[in-house]
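A.B. asks: Same order as they appear, the protein sequences are chains U and W. Using my numbering, read the first sequence as starting at 1 and increasing by one per residue. Using my numbering, read the second sequence as starting at 1 and increasing by one per residue.
Everything labelled a hint here was simulated from the structure, so no lab data went into it. Note that this is a predicted model, so its numbers are computed, not measured. By construction, the Cβ of each residue, glycine as well, lies at the ideal position given by its N, Cα and C atoms. Among the hints, a few may not be true.
[Claimed, not checked] Derived SDA-like pairs (lysine to any residue); straight-line CA-CA distance at most 25 Å: (1) W:72 <-> U:279; (2) U:60 <-> W:78; (3) U:314 <-> U:279; (4) U:13 <-> W:68; (5) U:64 <-> U:23.
[Said to hold, decoys possible] Derived CB-CB ranges, DEER-like: (6) U:283 <-> W:15: 47 to 55 Å; (7) W:86 <-> U:60: 33 to 41 Å; (8) W:5 <-> U:276: 49 to 57 Å; (9) U:271 <-> W:14: 48 to 56 Å; (10) U:28 <-> W:86: 26 to 34 Å; (11) W:58 <-> U:271: 48 to 56 Å.
[To be verified] Here are a few chain U residues that sit away from chain W, every Cβ distance over 10 Å (derived from the structure): (12) 36; (13) 214; (14) 249; (15) 260; (16) 277; (17) 326; (18) 342.
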Amino acid sequence: MNEVIGYVRIEIKGEVPEQFINECQNRGIVLWDLENDKNGTISADILTTNVKDVRWVAKKTGCKFRFLERHGGPFFVRRVMKRYGFVAGIGLFFAVLWFLSNLVWNVEIEGATPELEHELRLTIEELGVRPGVLQSRLPSPEELQSIVSAEVSEATWIGVNVRGTTYQFQVVQKELAEPHEDAAPRHLVANRDAVVHDIFVEHGEAQVKEDDYVEKGDVLISGLIGNEENQQQVAATGSVEGEIWYETKVTVPLERTYEVIEDEPQVHHRLLLGSLRVPLWGIREPEAENIKQEVDQSNWKLFGYDLPFGYEQKRMYETENYTQSYEEKEAVEVAKEFAKEEIFDHVDVDAEIKDEKVLHHEVENGKVKVNIHYEMIEEIVEEQPIVQGD
Amino acid sequence: MKRFRKWIEQWMGEQFDLPSDIMMDLPRVTMIGNLHIYIENHRGLVRFTNEEVILRFKGGWLYVRGSDFVIKMILPEEILIEGTIHDVVYDIND
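The following block holds chain W by itself, in its conformation from the complex (with noise of 0.2 Å):
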């Protein structure tokens, strides 16, 4: 039933040009540089350290890497973190 739903909403996604972010609540993530990371979309902050930021989203979660880390800005969906970003890294558990 999950996938099957989730199949659904990936079809919908295709056949209607729907940005993929809208219709399966995945993060979006814009980098600027390795200097920037913003994530739309989390759903909370699991761990934060100057090298590392752990952020759960549905259906997974989003390693970032680097360091020297700052988050300039936290938001209930939205994180702006600031440092010198190495990686980014999924992790989704299907």
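If we strip away everything but chain U, and leave its shape as in the complex, we get (with noise of 0.2 Å):
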């Protein structure tokens, strides 16, 4: 503290220092590190901000005083400013250190062939985007990274990122689909019990046609072609769709109850201390019979560590109860949705459904049991190798 506000030591002559001291202490002055220099001679520190009572005082007491040293702050800081060249020095240091690090000094291009990356650092420096120039002058790396996608139309995605003084430019590039290579040669069989229901093929040679039934590892597209004599073997390529049957068993109850949130929620804040609650907002417990709590509960933290505080909001609702009865026809309704959503739990998403039917509903016990037929379209293909020397 005498630091910051600085301090000084003073000499005081008289006849009696001792009254000096005295009235120093009259006055609320502090005085520390007293010595006895000789006879009739005290040094002591004073704060900077007591040196004119401290005058005033040794006019009163009869004593000549002068100052020693001055420590502190302010004395420290009128000291350096001395030194201005060297405090410029420092201040041009941090000036050219901030000016140097707003620069661009590198940019980066990662992941392009040479062509592209060429073609990308023409472009980027019409931009500005160069070693030397200001940040501060360039668009931000979000408007960068739109303009520089927009001209570059090779890549598929280009990401701007900004390091410290690194430009970084990472591409995607498109890659254009190779016509690949011919795959083995094999047959499409099919991977189960089904009906064709369409047919395309590509490579190969139809086996089945619309309306065949196919069982599970018939061969539906021959990697086969060509007559017996003149035999080639290719890789059997093309789309087999088949019809396939599912029957799904739903339960449907008649009565549905559900749960209705009745007003706004009451709401309690509490401040979680280890493991006490401080309520600091709503002390309230909801009258109504049903309630549905909702609490969040947050923890503080520091440097990565729990701290013993927290903050929980506690929301409760007050519920009503419905009950809901559906109708035989409505709850068989509401059963085929079930199980629309339960088939395709079952089945690949590209399926369709070609015919649904139900087939029976009873109901017992105040439920409703629902048989459903599905008819579904689905690829059916699957592939087999030829094998060599068959």
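Hints given; two lone chains; assemble the complex.
C.D. replies: Shown next as structure tokens:
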């Protein structure tokens, strides 16, 4: 504290310097480190803020005083300011450092072929991104990203990052789909029992036609083409859609009970101190019988450590139970919805429903049991390699 | 009258087990070896040299003698003296 305000060492010379000390006490001036140098001369430290008062006390008690040393912040600053060249140097250093750190020093391009890199480099140089320009003159990375992405069409995506003084461009290039190598010779066979709904052959020879019944493992599109004398093996490609039957059983209760939130929630705020809950707001408990609670708790963290403090918000909703009852007909409709959901759990999403038939429904114990028959259309092909020398 | 008052003060201090420095405004002196001496309840500095410090208190003087005295701190009722202390003498005028 004394160092901040600054303090001075003074020398008091007089007939009775003790009087000076006592008078200082009366006036509330703090003295410390008093030393008796020789008879009638005392030196002491005082705060710079008290210098005026001390001068007055000295006059009153008939003592002479002079300053010996100056200590603390203000004097230090004054001394430093005398070496203004030094101070200016420090200032200049930081200014230059700041200036240089705001320049672009490096532009990195990653993940591009040489041609694309060159093109990208030309594009961004046009925008002004090159070593030696001020970062503040450039568009923001987000803007750069959108401009560059639009200009350089060969890239699928260009990410722009500023890491200190380096602009990083990460390029994901479009890969042109190369005609893939001929796969090994193969048949396409059925992966389950079905009725063929539609068949489309790209390579190979169709072995079945629409409305044929196929069993699992039957060849649908053969990889062997040509006649007996001039036979060739190819990789069969194509798609075969088959009709598959599913039967699902769904049970729907005729009565359903809902919980409905009635009113605005009552909110309690609590401060957590360890395991203690200190109420901040909200004491009244709701009166209703049915209450639904939601509790949000957050713990405060410091440097990744959990602090023993937290905040809890508890929302209490008054709820009312409602009962909804279905007619039998409605229940069947609901059952159909459920059945559809269930069926798509088992089959591919691309599959489509060709037909839907309620086979049977019965009411039992307040529940409706429904059997539903589905005709689904699905892809049924499976690859099967042709073993050489067969 | 003065004596009577002093007698009352002393009597009360003894009866109620109160520290006498509070009851009777006496100086409380704390010494750490012969290096520091800390005096509370003084009533002013009478003399301060390298070898001697004289303090006034209610009803007398306190002499501290030794060598190399430095007053580390002085407040209206407290004083901390550093140095080599040889003797502490009370001079009480009844």
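A.B. asks: Does each hint hold? Answer for all of them.
C.D. replies: Verification of the hints:
no. : hint                       : verdict
1   : W:72 <-> U:279             : violated, 51 Å
2   : U:60 <-> W:78              : holds, 24 Å
3   : U:314 <-> U:279            : holds, 11 Å
4   : U:13 <-> W:68              : holds, 19 Å
5   : U:64 <-> U:23              : holds, 14 Å
6   : U:283 <-> W:15: 47 to 55 Å : holds, 52 Å
7   : W:86 <-> U:60: 33 to 41 Å  : holds, 34 Å
8   : W:5 <-> U:276: 49 to 57 Å  : holds, 55 Å
9   : U:271 <-> W:14: 48 to 56 Å : holds, 52 Å
10  : U:28 <-> W:86: 26 to 34 Å  : holds, 33 Å
11  : W:58 <-> U:271: 48 to 56 Å : holds, 53 Å
12  : 36                         : violated, 5 Å
13  : 214                        : holds, 106 Å
14  : 249                        : holds, 94 Å
15  : 260                        : holds, 73 Å
16  : 277                        : holds, 46 Å
17  : 326                        : holds, 89 Å
18  : 342                        : holds, 88 Å
Figure legend: structure checked against the earlier numbered hints; hints not met, in rising order: 1 and 12.
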